[in-house]
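Novice: So you can see what is in the structure, the chains are spelled out below.
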Amino acid sequence: NAGVTQTPKFRVLKTGQSMTLLCAQDMNHEYMYWYRQDPGMGLRLIHYSVGEGTTAKGEVPDGYNVSRLKKQNFLLGLESAAPSQTSVYFCASRPQRTADHFTRTEAFFGQGTRLTVV
Amino acid sequence: AQSVTQLDSHVSVSEGTPVLLRCNYSSSYSPSLFWYVQHPNKGLQLLLKYTSAATLVKGINGFEAEFKKSETSFHLTKPSAHMSDAAEYFCVVSAFKAAGNKLTFGGGTRVLVKP
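Going line by line, the protein sequences match chains A and B.
Counting from 1, one number per residue, gives the positions in the first sequence under this note's numbering.
Counting from 1001, one number per residue, gives the positions in the second sequence under this note's numbering.
Source of the hints: derived by calculation from the structure; they are not laboratory data.
Quick caveat: nothing in here was measured; it's all calculated off a predicted structure.
Mixed in with the good hints there might be a few duds.
[As the list claims (entries may be wrong)] Pair ranges (Cβ atoms, derived): (1) A:Met41 - B:His1082: 34 to 42 angstroms; (2) B:Arg1110 - A:Thr86: 14 to 22 angstroms; (3) B:Asn1041 - A:Val118: 14 to 22 angstroms; (4) A:Thr20 - B:Gly1016: 30 to 38 angstroms.
Here a beta-carbon is modelled for each residue, glycine too, at the ideal position from N, C-alpha and C.
My request is simple: use the sequences and hints to build the entire structure.
Specialist: Right under this line is the structure:
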């Protein structure tokens, strides 16, 4: 079982460059999330999606865009990278069953993408 | 609104001694609570979860946590630390009707296990 797969695992960008991070899940989950992890701050939500074709902003959306054209894929884009976006990025997915049941299900995480912007 | 506070950013224990990681939460709705572990340069793995059944929850690798509504706490414990427990631990809250049913993370507690 692949679960949640993130591509690439490592990347170094120069300030102003653009890139796209890909997240793919094979569990037919409705909800997908992009988080960033910075020391001492836990994981903070960037954007999320509640289904194919829908996206919404999280806590720290500035400088990022996302798309969910297919249910299994969730893309995170950086149009003009800045050093402040140096971080480890995690994608997660979560199943949607009944509304009450949903809150009891855990999220499944990818292995992370370590991005450095110089 | 929901939030999580992990009261210790670092915890150091000797191998074979008990581990206690403290977590307090805030939620406008009846929450579900999770503990995740992250080993160095790895992804996040679920340790255990509370979903309004038993208040004492047992997880993997000998960990357990107790949900105390009156104290809004969900502390993680293990009776005897092992070297392999050295990792970062995250307390997470999720509540129905939270926007996007998102998971909100605490700041993390890094555990060091001394031989």
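Novice: Hint by hint, note whether the structure agrees.
Specialist: Here is how each hint holds up against the structure:
no.: 1; hint: A:Met41 - B:His1082: 34 to 42 angstroms; verdict: violated, 28 angstroms
no.: 2; hint: B:Arg1110 - A:Thr86: 14 to 22 angstroms; verdict: holds, 20 angstroms
no.: 3; hint: B:Asn1041 - A:Val118: 14 to 22 angstroms; verdict: holds, 20 angstroms
no.: 4; hint: A:Thr20 - B:Gly1016: 30 to 38 angstroms; verdict: violated, 47 angstroms
Violated hints, in rising order: 1, 4; the structure is consistent with all others.
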